[in-house]
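The whole structure should be built from the sequences, with the hints applied where relevant.
Everything in the sequence shown is counted per the numbering used here, starting at 1 for the first residue and increasing by one.
Rather than coming from a laboratory, the hints here were simulated on the basis of the structure. Keep in mind that this is a model prediction, so the values were computed, not measured. Warning: the hint list may mix true and false statements.
[To be verified] Here are the simulated DSSO-like pairs of lysine-lysine, each with C-alpha atoms no more than 27 Å apart in a straight line:
(1) Lys393 to Lys367
(2) Lys231 to Lys199
(3) Lys91 to Lys199
(4) Lys199 to Lys283
(5) Lys111 to Lys283
(6) Lys283 to Lys367
(7) Lys111 to Lys235
(8) Lys231 to Lys111
(9) Lys235 to Lys199
(10) Lys111 to Lys199
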Amino acid sequence: MSLRRTSGPSRFLRWSLLSAKTFGTPTPVKMTKTATTTGYSLIELMVVIAVITIIGLTSIPNLFNRNDRLLLDSSANQLRQVIIEAATRAKAPDKNDSAGSPQVFQVSFGKFTTANIAGVENGEVTANSISLERGLTQCDTGDLQGGFTTLRNITLPRGIYIASFYPSNQTALDDRAVIRFAVGDDSFSCGSYNNPIYKSGQLFISSWAGKNKANGNTVARYLVVALGSQKVGDKRYVTLDRVTHQVAITRSNPQSYFTPVVDNLTPQWNDDDPPNRSLDPNKFTISVACGTSESDITISYPRAKDRVNDPGTVDPNLFVAYNINWQVVGSPNPPSPLAINYFYDLAADIVRYQFTTDSFTVANQPKTVTVTIAALDSLNQTQPVNDADPLLKQRSKDFTLSCGSVISDPKTDPTPPPVFQDDPPGTSTSCNPIIPITKTEQKILKKIAGVFISRAQAAQSPCVEAQL
Numbered sequence: 001m002s003l004r005r006t007s008g009p010s011r012f013l014r015w016s017l018l019s020a021k022t023f024g025t026p027t028p029v030k031m032t033k034t035a036t037t038t039g040y041s042l043i044e045l046m047v048v049i050a051v052i053t054i055i056g057l058t059s060i061p062n063l064f065n066r067n068d069r070l071l072l073d074s075s076a077n078q079l080r081q082v083i084i085e086a087a088t089r090a091k092a093p094d095k096n097d098s099a100g101s102p103q104v105f106q107v108s109f110g111k112f113t114t115a116n117i118a119g120v121e122n123g124e125v126t127a128n129s130i131s132l133e134r135g136l137t138q139c140d141t142g143d144l145q146g147g148f149t150t151l152r153n154i155t156l157p158r159g160i161y162i163a164s165f166y167p168s169n170q171t172a173l174d175d176r177a178v179i180r181f182a183v184g185d186d187s188f189s190c191g192s193y194n195n196p197i198y199k200s201g202q203l204f205i206s207s208w209a210g211k212n213k214a215n216g217n218t219v220a221r222y223l224v225v226a227l228g229s230q231k232v233g234d235k236r237y238v239t240l241d242r243v244t245h246q247v248a249i250t251r252s253n254p255q256s257y258f259t260p261v262v263d264n265l266t267p268q269w270n271d272d273d274p275p276n277r278s279l280d281p282n283k284f285t286i287s288v289a290c291g292t293s294e295s296d297i298t299i300s301y302p303r304a305k306d307r308v309n310d311p312g313t314v315d316p317n318l319f320v321a322y323n324i325n326w327q328v329v330g331s332p333n334p335p336s337p338l339a340i341n342y343f344y345d346l347a348a349d350i351v352r353y354q355f356t357t358d359s360f361t362v363a364n365q366p367k368t369v370t371v372t373i374a375a376l377d378s379l380n381q382t383q384p385v386n387d388a389d390p391l392l393k394q395r396s397k398d399f400t401l402s403c404g405s406v407i408s409d410p411k412t413d414p415t416p417p418p419v420f421q422d423d424p425p426g427t428s429t430s431c432n433p434i435i436p437i438t439k440t441e442q443k444i445l446k447k448i449a450g451v452f453i454s455r456a457q458a459a460q461s462p463c464v465e466a467q468l
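Structure below.
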């Protein structure tokens with residue numbers, strides 16, 4: 001019997017046939033299918049390693065960028081806290097801050113290498129220092145600012161810097177910007193370190209303007225400090241509202257929300273939908289809490305919104321203030337201003353103004369008064385007295401005040417209860433026995449103790465007056 005070489009593992013098969021021929025013993029051969037062991041080739045393994053390497057290389061920059069963004073966030077939070085601390089110290093200086101002279105607290109930024117461009121001071125990587133400082137105020141605007149003491153100094157992390165500061169009037173010689181708070185002054189100044197000319201207390205500042213356009217501009221509302229990073233393109237904007245003094249952090253420049261456009265329109269009352277063009281008298285009210293010497297009065301009215309460019313639309317985010325006048329009907333005196341440029345919370349649709357007056361009391365009523373309210377925008381454009389459209393003119397209404405059932409006088413302290421006293425068991429040897437002022441009932445132990453104390457004092461010095 002001849003065997004031919006076949007493919008596959010056949011050594012055992014050849015040995016079995018040979019042994020059967022040699023020994024003459026037929027041996028049954030059972031053919032079974034065995035599993036073949038397989039694996040990755042070298043090329044396949046190299047391909048897998050290359051894919052893993054590429055994925056790892058692409059994810060590593062994202063991890064580093066995430067860290068850089070976290071550095072931006074933490075730096076912006078540090079800056080926000082420093083600004084809040086400077087404002088707080090100016091409003092409530094402690095014993096270490098008060099040195100007998102008017103003081104200022106400021107946050108300075110530096111160092112910048114170029115002058116401002118259109119009110120914006122742009123910084124590079126060298127502008128990475130933030131300082132909280134304390135100093136004395138100037139006697140007048142012509143004096144140079146006195147020296148400052150550094151209370152805290154912050155150096156921004158590597159790669160984080162002050163990308164821009166707005167508004168600023170810096171020159172090439174003045175390498176720092178500043179936000180300055182004066183004690184007792186409910187406003188702040190900003191600009192260059194040597195001459196911060198922009199002041200928040202002025203509602204209408206022609207020089208504190210947004211981006212200029214050929215057809216006009218809009219007065220900016222925010223002081224904006226932008227923090228940038230060399231490694232990522234993101235920025236963090238730390239903003240200081242010049243009206244409310246709120247300090248916030250955003251990821252986009254809030255000045256972009258106030259795009260400069262033509263603004264020569266007065267604010268519009270928000271009483272009704274524009275098609276009706278009518279005022280709702282029920283939303284203009286007065287409430288009185290009467291007192292015997294003075295009364296608390298609250299005036300409530302709908303808010304107004306500024307109109308920019310398009311007469312038919314209003315912008316709820318733009319600044320609107322109010323002038324409020326109060327006049328007693330029949331009085332020869334001119335109207336009395338209750339509030340000039342009164343500002344309120346933008347989140348509320350109803351404005352409430354509260355004040356106290358002694359011209360209206362429980363014994364002095366009723367009176368009819370006329371309240372006039374004029375809305376005005378950030379460019380000092382005030383609603384007129386007369387206008388064909390009721391939503392665009394000043395609001396005026398007569399009110400007859402009445403005490404009603406609300407009394408604003410504080411409750412007087414209750415009359416103290418009568419005080420009872422016990423006659424102590426005096427003795428004939430005592431000159432001036434001590435008379436304790438106690439409650440009506442005493443425990444027996446206290447009475448016995450009082451007897452022994454009185455006798456001891458009398459025995460020691462019977463004719464000397466007891467010293468209380």
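Verification of the supplied hints:
Among the hinted pairs, Lys393 with Lys367 is consistent with the structure: their alpha-carbon atoms are about 26 Å apart, no more than 27 Å. The straight-line distance between the Cα atoms of Lys231 and Lys199 is roughly 35 Å, outside the 27 Å bound, and the hint therefore fails. Only pairs whose Cα atoms come within 27 Å are accepted, and Lys91 paired with Lys199 is accepted, the gap being roughly 17 Å. Under the criterion of a C-alpha separation no larger than 27 Å, the hint pairing Lys199 with Lys283 is inconsistent with the structure, at around 35 Å.
For the hint pairing Lys111 with Lys283, the CA-to-CA distance comes to about 53 Å; that exceeds 27 Å, so the pair is violated. A hinted pair counts as satisfied when its Cα atoms are at most 27 Å apart, and Lys283 with Lys367 qualifies at roughly 21 Å. A distance of roughly 19 Å separates the Cα atoms of Lys111 and Lys235; the hinted pair therefore holds under the 27 Å criterion. Between Lys231 and Lys111 the CA atoms are separated by roughly 20 Å; this keeps the pair inside 27 Å, and the hint holds.
At roughly 26 Å between alpha-carbon atoms, Lys235 and Lys199 fall within 27 Å of each other, so this suggested pair holds. Taking the CA atoms of Lys111 and Lys199, the gap is near 22 Å; set against the 27 Å cutoff, the hint holds.
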